[in-house]
Structures are given as C-alpha cells and as structure tokens.
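Visitor: So you can see what is in the structure, the chains are spelled out below.
Protein chains: 2
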Amino acid sequence: MSTPSHGPLVRVPFADLQALLQRIFQRHGCSETVAGVLAHNCSSAQRDGAHSHGVFRIPGYVSTLASGWVDGRATPTVTDVAPGYVRVDAAGGFAQPALAAARQLLIEKARKAGIAVLAIHNSHHFAALWPDVEPFADQGLVALSVVNSMTCVVPHGARKPLFGTNPIAFAAPCAGQPPIVFDMATSAMAHGDVQIAARAGEQLAEGMGVDAQGQPTTDPRAILEGGALLPFGGHKGSALSMMVELLAAALTGGHFSWEFDWSGHPGAKTPWTGQLLIVIDPSMAEGSRFAQRSRELVEHMQACGLSRMPGERRYREREAAEREGVALQEQELQSLTALLG
Amino acid sequence: MSTPSHGPLVRVPFADLQALLQRIFQRHGCSETVAGVLAHNCSSAQRDGAHSHGVFRIPGYVSTLASGWVDGRATPTVTDVAPGYVRVDAAGGFAQPALAAARQLLIEKARKAGIAVLAIHNSHHFAALWPDVEPFADQGLVALSVVNSMTCVVPHGARKPLFGTNPIAFAAPCAGQPPIVFDMATSAMAHGDVQIAARAGEQLAEGMGVDAQGQPTTDPRAILEGGALLPFGGHKGSALSMMVELLAAALTGGHFSWEFDWSGHPGAKTPWTGQLLIVIDPSMAEGSRFAQRSRELVEHMQACGLSRMPGERRYREREAAEREGVALQEQELQSLTALLG
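Chains A and B, in that order, give the protein sequences.
Each residue of the first sequence is one higher than the one before, starting from 1 at the first, in the UniProt record's numbering.
Each residue of the second sequence is one higher than the one before, starting from 1 at the first, in the UniProt record's numbering.
These aren't lab readings, by the way, just hints derived from the structure by calculation.
Hints may contain errors.
Copies of the same chain look alike in the list, so a pair counts if it works inside one copy or between any two.
[To be verified] With a straight-line Cα cutoff of 20 Å, these simulated EDC-like cross-link-like pairs (lysine to aspartate or glutamate) come out:
id : residue 1 : residue 2
1  : K160      : E296
2  : K112      : D80
3  : K269      : D71
4  : K112      : E312
5  : K269      : E296
6  : K112      : E225
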C-alpha cells in the first residue's frame, strides 16, 4: 500500500465514486455486471487508502479494454466439481466477476464440508486481493487467497525474473471489531507502488529490486524499465512466490506469470493467469469460539506494544471516508470525468 | 536447516538408526506406536541433513517425557466432522501420531471433496514440518501445514516476544522427480538452528534476533537467554506468523504459543499447541496435468539460473544416506546408545 501522491485533494461520497467508475467501465467495454463488480472493488481500494489499487488503476483498465486483451463482457462458467471444490472459467474476463458468480456456492460448500476451494482460471486480476477475502470473514469464515501475475520478480538465487508479485491475502473474523485482514505481495514491494514512486520521482529503500543489468537499484524507473523486483524475505519469500504459481496457475489450469503474450495488444496491463481461494468454516471445530480467540490474539499483540494491526490503516481510512467522503486528487477526478467523453 | 556441527562422523543404515531411536523412545515412556512414528520422523530428518530436527532433538524429547509434560502413550481421538473436515484430539501426546491416525481419512476426504482439512489440537510438535506434508505429495496431492510453537518471536512493530517460530510447510507432486517441498520458520531463523549455533559458539547474521533488552544481537546465546527472534521479512513474515497462530491454534482449539505453562515440568521442551493441514486433490480441475505443470515450473526456475530448488539439498542428502548410511557425529551416536541404559 502507498501514501497518496501530492496535489490538492477532493472528497467524494463513496456511492458517487462507485457510480462514476461504473459508468467509466461500461463506457469502455464492460457489461453492466462486470462494471458493477470492478467499480465496487476499485472504489473500495481508493476509500481504504490502498492507492496503488484505487483510481490509479483506471487508465490501465481502460487501455487494456481498448486493446482487446481482456473481455469486459465475459460471462464466467461456474462448475460444481465436488463437495468442496468449485471451478470457474472466467472466459478471458476479470477474476472478480468470476469470484462473484461462484461466491454463494463456495460459501455453501464451506459451511457443509467445513472447507472449500475455488479455482479460477482464464482470468485477469488487476486489483488488490484483500477485497476478495474480507467479505468471507464478515460472514464468520476464514479465507485465504493467492493470485499470480506477470513476470517481474527474480527468484532468490536466480539471475532473471520469472515470478509475478504473487500476493497472498488472508481474512479471519474477530469478535467486536472488523476482521483481521492482510494482503501482501510476495515481492519486496507491490508493482503498483513502484509505479507510484516512479511517477512521484521518489527513490526506493534498498533491497527492493534490480536494474536491467541485474544490479541492485533504488530507482523505481530502473526496476520498471527492464529491471525487476526481488522477493521479500530472501529464499523464504521466494518459496512462497513459487507456491503461489503452483496454487494459482498450475492447480487452477491458469497461466503461469510468464506464459501469456500480450505483445499483440499494446496497452494491455492485466495479467491473464489464475486465482485460488480457500474458505474454512471455523465453527466446525470450535463452534462460535473462533472469533473470540481471534480477539484474544489481537489483544495480546497490542499488549506486546504492537502499534498497528495488519489492515488497521485501511479501516481507519474507511471510517474517515464514511464521514468525509473518499479522498482523491482533484486532477485524478478530472481525468476520470474525461474518460466518460 | 543447519550445517552439521564439528566432530568425527559415522554412517549408520537408516533402518538401524530408526530401530535405535524407536528403542530410546520406548525406553523413555512412549508406546510402541508413538515410538515408531517419532523414530521414523526423527531419523528421516537426520537422513535428510535437517540436523536441527534430527537426533539433536532426542535429549529434548527424553527430558520432556521424563518431566511428565507430554504423554508418550496418548491415544489420539479422530472425529469425522464433515465431508472435508477431520479433527483430532491428540490427548496431550505428540502431533505426529495424531496425524498418522487421521491420515487415511484425510486422504479419502480430499479425494472425494477435492479439499480437506485436518485440525489437530492438544498436541505437542517438536519436529520438522516437511515430513508431515511430503507423503501427501508422494500420493499426488498438494499439502499445506502450519504449526504454532512457543513464544520466542517479537511481532514486527512490537516490543516483546509473543509468536512462536510458527513454520509453514508445503508439498506438491512434480512429474519425473521428487515432490517440491519447503518448510520455513516464519521467524528469521529456526529455533533449533539458534541452539546449534550457540552450542558451536558461532555468531549469527544480523537481523535474526534481539537480546533481553530488546537490542539487536548476533549472539545466539543472547537470543536464547532472555532475548528473542525476529520474524523473517519484517511486517510480512510477522503477518504470516500471526496467521499461523490463528490457523494452528484458534481454529483447531489448540493453545496459542504463549498460553501453556510448563514451569511445573522442568526439562519440558515441546510446545503444547495445535496444527492445521490442508490437502487438495489437484486432479479435480486439471486431471493428471498438475504434476507436469509443476515440472514446467521447476524447469523455468532452473532456466532462470536458480542453483538450488527448495528441498533439493534434502533429496541429495537422502540419496547419499541411502548409499552410505545416515551421517551423525560419533559422539551423538554414543550419547544415543547411553540413553538405552
């Protein structure tokens, strides 16, 4: 997640921002259903201060739709494979409408079998991952999701990039407060945050990436222009990134992060891969006790001096947005409005 | 995993080492069944060069059994909770016999439902985690396991230790070669490796831990004597460690890493917590294709210059041990034999 860039801010009611984005998505080739899902996802990220996945992404969505690389009108096909297994062919469209189409079946299976998995393939994921898992925790379930992306990370001990930024997101209910949620790239930084730093002319911390010659760099442009990111945490983050390729691509039937070729689609930005979600019903073993135990964990972390829980900043930004409206730069709002023309 | 310590080495056939360990476990209070499971686990770790979880652990097992902290004769109770959910009460015994008692049911459920979860509680885990997942991959399944341990890791941004070393292990089949397997502490180092470094009088790399005053240290003794480890990879590793507490303890009904009190049992070393395993049948979506895709991933990683795959060193050590016997220090073998007296 990033800090907002510079420039005068405006505040827009969430519903207005969502409606604006919905119109933009529809204007640029999405069906009403797909536009609704993406608009809610993207305004939620902006509302929660996840700026690298908020309205910052809209130009990328628009250029991708214009390039013909993604099908904004795709209808996902949901297959009920087994008592704990749902598969979705996203039909070359976005992953979020595929998840939305399968969500109810996935929840029913998790409640009945105790655990269920959703395997999405033939899908494009260009958004934050936490909006995919948080709603399950709101319903008392524990959710874990992984999605692979596009080659830009050098495996630990290798010389060339192969993996995507391959995030892992997790959500669990917590008594008396919003769910515990995290969403982490397995790269040292999220790709969107590198783009934001490049745009702002800022330098990165050391250990984030390498330049086109494979040499360490703190220049975000050097990473974006022929360079690559490193995994977080050395060989361990690298192993997790490998696991994400196996779960999100090999297991679902999607593409690995290096397998798709968008060179015939200038403007294409959305990785065409796969996504896996695992949902567990914690009441199976512990009845209603899980959320209380989750709360005890939080209290112990705070008692150890933890200043901020994972996800806490998002909830704070969300509260502020509910009171005052969603913050975005005046210039961003103008650019969005221009996309309706 | 660690490098072996110094001293003259001997080579012992695997079956002989396993038989010796089995006798030791039985001599010190384990039932034949429990002794068999632990002896196989511990000799496998020694065979594969995972020295921090090999015979190095035997004195800890013995002192724990003597202290009355763990029940070496416990009979686990397996409950068939739901089509994808198995629960085991390890009855204050070790986690490995609990897993062994539930393994067949777990596999049947994963093959039928597509995914299944095993929740073990009231269990002691004092071993490497990869032996718990690798056998599932040998049968064509994908397995993920987490286990929490005992307070010795300071959450990122906190002042005091709370989490255990909380490892994550993963295994997936791979066509034409042994499974892809990793087993990583979510701490910067495994606790056993800190103990081995302390015993060998070696210094650690920076960023591994803090001393009793919370100051960074490279002295393993300072970490063990009132100090603590740090998570790997900063806030991301810390979030994963938190997730392990939620999955392995809160979800199973086990203890968090800070909840058990062994002060009345001098010599006790085994964390009394919980363990979660998730097993997925990759044939549900992709038929027999998964292992081939897994192999393609490995080949691409190698083509990028990766010198060593996760788990590769273990397989190399295993092959050597099959040819020449399992390596251990002469002094270790003497100490083991003395434990039969």
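Visitor: Mind listing which of the numbered hints don't hold for this structure, in increasing order?
Guide: 4, 5, 6
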